[in-house]
Structure formats: structure tokens, C-alpha cells
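Starting from the known structure of chain V, arrange chain Z on it as the hints suggest.
The listed protein sequences correspond, in order, to chains V and Z.
Just so you know, the working numbering puts 84 at position 84 of the first sequence, and the rest follows in order with no gaps.
Just so you know, the working numbering puts 251 at position 251 of the second sequence, and the rest follows in order with no gaps.
Heads up, a few of these hints could be off.
Stated by the list, open to error - Listed next, the in silico EDC-like pairs over lysine to aspartate or glutamate satisfying Cα-Cα at most 16 Å (straight line): (1) Lys44(V) - Asp91(V); (2) Lys115(Z) - Glu144(V); (3) Lys64(V) - Glu98(Z); (4) Lys58(Z) - Glu144(V); (5) Lys63(V) - Glu98(Z); (6) Lys37(Z) - Asp21(V); (7) Lys63(V) - Asp116(Z); (8) Lys49(Z) - Asp132(V).
Keep in mind the hints are simulated off the structure, nothing from the lab.
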Amino acid sequence: MEYHFNIPLSVDEVKKLKVGDILYVTGTIFTARDEAHHKMLESKKIPFDPSKMALFHCGPLMKKVNSKWQVVSAGPTTSSRMEIFEDRFLDKFHTRLIIGKGGMGERTKKALHKDICVYTSYTGGAGALAADKVEEVLGVYYLEEFGMPEAAWIFKVKDFGPLVVAMDSHNNSIYENITK
Amino acid sequence: MNFKDIEKGIVELIRKAETDLPNDVIKALKKAYEIEKGVAKTQIDAILKNIDLAKKTKRPMCQDTGIQTFFVDIGIDFPYISELKKTIINGVKKATKEVPLRPNTVDPFTGENHKDNTGENIPYITWNLCNGSDVLITALPKGGGSENMSKLGMLKPGVGIEGVKDFVVEEMIKAAGNPCPPTVVGVGIGGGADLSLKLGKKALLRPVGKRHKDKTIAKIEEELIKRINSSGIGPMGLGGKTTVLDVHIEKAHRHPASLPVGIAVQCWADRRAHMVINKNGKWEVK
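Isolated chain Z (complex conformation):
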């Protein structure tokens, strides 16, 4: 197995995520451009021009290239499980020089910057075991400005789903222009404190415009989009009709005494890319 070659694949995965926004996001931004006027339109215009330029010049669309975050679905029959973590970490180091990425990993105590986007527990990798022999890696580089607007609410179960909706809408109004709207909002409901936030982040993996398969939840997503967008916060918080491009909800069963709500916020640069590796080490980035 040629791990150096898979490292190259990781670099290409990161490059793709940082320089080439998924079509579902571009489509939603173009729709926003159509309906916005005045200052709001100038913001979406700059965003669309920026996306175009980044793709053409293969440059990161945003200077905040994020904390490198990966979700890995790993087939239990993939023969090189033991090497994969090291390969991803080496790929991140390489990508820092080659894409390039901003050195974004700082020790919380000493302030020391590793300068290669790695550090303790970073890159942040979530492993999910599946059947089969393929590996699917999803890169979701996560910017700091939007991450700072994350919220955890340990609500009282008595407030019900109406209380959950109000919490999400209020928090997104409080966040205002800070997370670089129009944003994509991931909401995790239930589980415990950590699981609700994790579900919120996982919800960001869903393409923009795709509704939850449960019709009741899909309706709530639509209601939240409408309510947040009627706040008037708009692109970059300068006023307008588009504050969110989408809201995605995921759920887990909860403890009878708890109603956790985890909100993960993603800026308009909803950067995602995928890579498949088969058992022979052949990879493809898409």
C-alpha cells in the first residue's frame, strides 16, 4: 500500500474543500442574489465573485481555512485501518504548505502555534464503522467566526418543541452578523449535552436544500428558515432577506429530565468535500 499516494489524496480533498464550494451552496447563494436588493445584493455579489475567483485560481476562498475536521466512514474490511489516522494527519501537514492553509492550531495554555494545523486532538476526526471495505472521508474545514456562535441549550422538557424553535430563532438573532450570514444552521435535539452539539455539526454535512426525511421535522426546518430570515439580519448582518441558507435538524432520544439543543453554525462558506479510498488504495476526490 502506497500511503504517500493517499496523503496526496488528503491534500487534494482539503484543496477541493477550501477552494471549490459545493454546487448546492452556490445554487442557494444565487437564489439569494435574485431576491436581495441594495447593500444585501452587494454582499452576495462579492461572495459569488469570490467563489468564482477562488475556484479559478485554486486559492482558499476564505483566509480562515478553519480547523481541519473529518468525518470518516470506515469499512471494517478496509485492510489499512491502523495507518489511516497517521495518513490523514500527514496529509493535513502537507496541505498546510501546498494549498496553503493558514496555521490555525494554537495551544490554549502557551499560545504556541504548531504552524502545521495539527496539535492535540486536531485534526478533529470522527470515526464511524460501517460494513464493506471502502473508506469515505468527508472534509468539513470549520471556521472560527461561525464556530464562536455555537450554542448549547439545556432546556426544560416542559417547553416542548415550541421552546426548541424559539431558542434556535433567538440565538440566531443574537448571533446577528457575526457568523458571516447567510449561514447554514445545524440543530441537534436530544441525546445529552455533547451528543446534541455533535448532531448539530453532523447536520451540516447534509446538502443545502435537502429536507429531513421525517416530514414533521422537515416542516420544522422550513418554519425555522422562514422565522430566522424574517428577522431582517441579512447578509453580513447589514440587513436583508437572507440570514440563513438552510436549517438542518438531527435528533436523538433524550433523558426524560433533559431537552438538550445543540446549535452548530456554518458561515456561507459551507465547505465540504468527499474522498473515497478502496481496499487497494485507489482514491477519488469529489
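Chain V extracted, bound-state conformation:
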């Protein structure tokens, strides 16, 4: 099935999604890799509301044009590095959609079920194509501290996809089906 949803996804929409479905999303997403995950888990206050956004495992290539940030290339980074954070991250921030690549492990699979979230795969390396779907850069946090790839960038996206539902909220993982 193919779906076009707005971010944040509702609980019903998340539950509707099954492994193998194709999804396109419109709304606000934030990027977070290892450093931003760690920082956000340790912080009492976060400068933005992750529950209203989708989480994008991505370290984008950005450039500043006339003091405004633009996305040059922004594909996903390898999600498995975030496995050590993700269950606690979902417990704390209640994000309903993760965009990454390569898949995640058992801990995240359980958390997706418990916290009602879905993990989707965007084509790794397709950075120019992804950048084309970003309408606006709404902001950036932790840039000074962590640098361009590890900062939390906030993007407004339109029809961002195709995202493949790779791990759903019903304890299914496309990656397990393949290796079995």
C-alpha cells in the first residue's frame, strides 16, 4: 500500500502502516545522529518539540547563502549506530516516525511497539533527491557544539519519500524476514 501522511502521524495512522508499505510525508522533521541523540537524552529541556516532528537519521551537507541555510544533500545515515539510544529516545520524546537506513535491532523493535512508532527506510546515498524535497530550513540546534553533520537541523518537507516501512509498530521487521 502507498500512503501520503502529514507529520505528526496519528496513532491510528502509525498502526495502519505495515512492513513493505510505501509512505510519503509532509511536515516538519529534525535530524539527529549519535551526538544529538546523546545530548537530547541527557538534557532536561529541548529547544524544540520532537513529538510534533519526524526523526531523521541524517548528517546533511548544508551551505549558507545570504545568511540563510540551504540543503545541498541530505540522505539518511546508518541507523544501527543509534540502536543504543533509540528505545530511551522514543520513551522520552514520543516521536511517531523514524527515517533512516539499514535497519535497527531488537531493542528498537520493542520500543516501536510500546511507544507506537514506525521505522522507515529512505534510499541511502540519495542525498540530492532528498534535498529536493526540503522546502525550507526552519532552524538548527547544537551546531556550534557538534558541527554540521551532528547538529539537529529542522526541515520543512513536502511529499518526502518514497519511505519504505521497514519496521512497524506490530513487532515486524523487513530485515528479519530477509535473513530468515
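What follows is chain Z alone, placed relative to chain V:
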């Protein structure tokens, strides 16, 4: 000699590698598109569209513009050998702003990012002395996701070549979707630990689809392609027929007690570009 002009050439070399994938890779991806179905086809479709867009807009195809890696064949009669390293480093700094490249060099102790893609021992340059007065520079920007799937196996010689094959197949199945398949796999066999990995990386310089000149090795390459692709991992690990676009093997003689196997993995963005500089400083990027 106008070194500023050669710096410009280095920028163009990097720009070409980052924005314009070699035809041999595109050809292999188009073949994959033909044979894949369903989700796997959507992935190859996105990859091909992305390659097209990157080339048209002269933008890096992937946000991970890699660690800048160069293989330099330098003619011993080239008159400006002493200046070449500095020129390459300056070219990398310039390319970071002009292409642009993501600032990808981080100090392993302090976490400090140099922000210009240079740092200690980086860019990573391999020098090879040759006869003549020309310089051939090959750029191979290397992404982190695929590099993380590199492997070194110090196998027991008793396992033989069958053991080497099993090791490569098992490691690529373990890597699954992480290195952005369909990948190109370079396998270095023999030498020592460091040489086997180096040979693996050098094997990535060979165009996709080109077999080893030794027929026995060429056959093993074909067998490995078949075995890894029959795993079903597929594009991005989402299932499919194409997990590798190619496997390239290079070898060195080994110590009787050692059977080193170095695996270097390259994502589908098998970025390569070449530049020739002659003794008068005239350069061409291709």
C-alpha cells in the same frame, strides 16, 4: 609553474567524483533496475533519479562526501614533486567551500572538526612512483557507512581459498543493509594485515564489470557475486536480487603461517574520477 591553477584542477577532480558517477557503475545500476521488482526496484529507481539530479545540478550525490582519498601515480621526471602534496591539500580545502563538501575530519581525541576536510594524515594519499613525467591522480572519496563494514580476517592457511570465499560471503551477509547496497566489494588476499586491506581498497579502483586478468581469480569473483546476491539482502537491505554490483580481488604473496583477507566495501556511490597533470602543469579531469 602555476600551482593555483593545479589547485583549481583538484577542485574540479573532487567535484567530478562527488557529482558524476562513472558510467560503468550507472550501467550496472540500470541492469539491477531491469531485474528487480517491488521495493527493491523503488530503491534503484531513487538511486538512478538521484544520480541524474546530482549530475544536472552539480551537487554531491550523497551528503556523506567522504574522507578525501587519492591514489597518485607520479612520474619520477615530473618536475614539481615537492609541491604536489601541498597543492592537493589546498585543493581539498578549496573544494570544501566550492563544491561544497561536508566537513568530515574529526580529531579522534578532542572531537574537534577541522571544517576543511584536512587533518592529520588526511586527505589520505597513496603515492606510487612510475616512469615518465606525467602525474595521474585518482580520487576515491570514501563514505563512512560503507567503510564501517570493512573487515580483516587473519584466517588459518589450512582453510584455503574455500575458507576465504566463505569469510567474504559471511561478512557481507552480516553487513546486510548497512553499507548502502548494492555495493562494490574489494577483497585483498595475502600480504600482511595492512597490505590485505590496502589491496582491498585498491581493488575498488577497477571499473565495475571488469574481471581480474587471471582467469582463476576472475572465476572466484564471479562465484562470490553470485553467492552474495543469492543471500536476498538486496538494495538497502530491504530484500532483492542485487546486493553487490561487483566483487574485485587483488592478491599478494603471503607468509606461510598467515592468510590475511582484507575486505573494503564501497556503497553504490562508487565515486571515482581521474586527473592527469603533465610536466608543464597542464591538467585534465576525466
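To see whether the hints hold, each was checked on the structure:
no.	hint	result
1	Lys44(V) - Asp91(V)	14 Å, holds
2	Lys115(Z) - Glu144(V)	12 Å, holds
3	Lys64(V) - Glu98(Z)	12 Å, holds
4	Lys58(Z) - Glu144(V)	28 Å, violated
5	Lys63(V) - Glu98(Z)	10 Å, holds
6	Lys37(Z) - Asp21(V)	14 Å, holds
7	Lys63(V) - Asp116(Z)	13 Å, holds
8	Lys49(Z) - Asp132(V)	11 Å, holds
Checked against the numbered hints above, the structure violates only hint 4.
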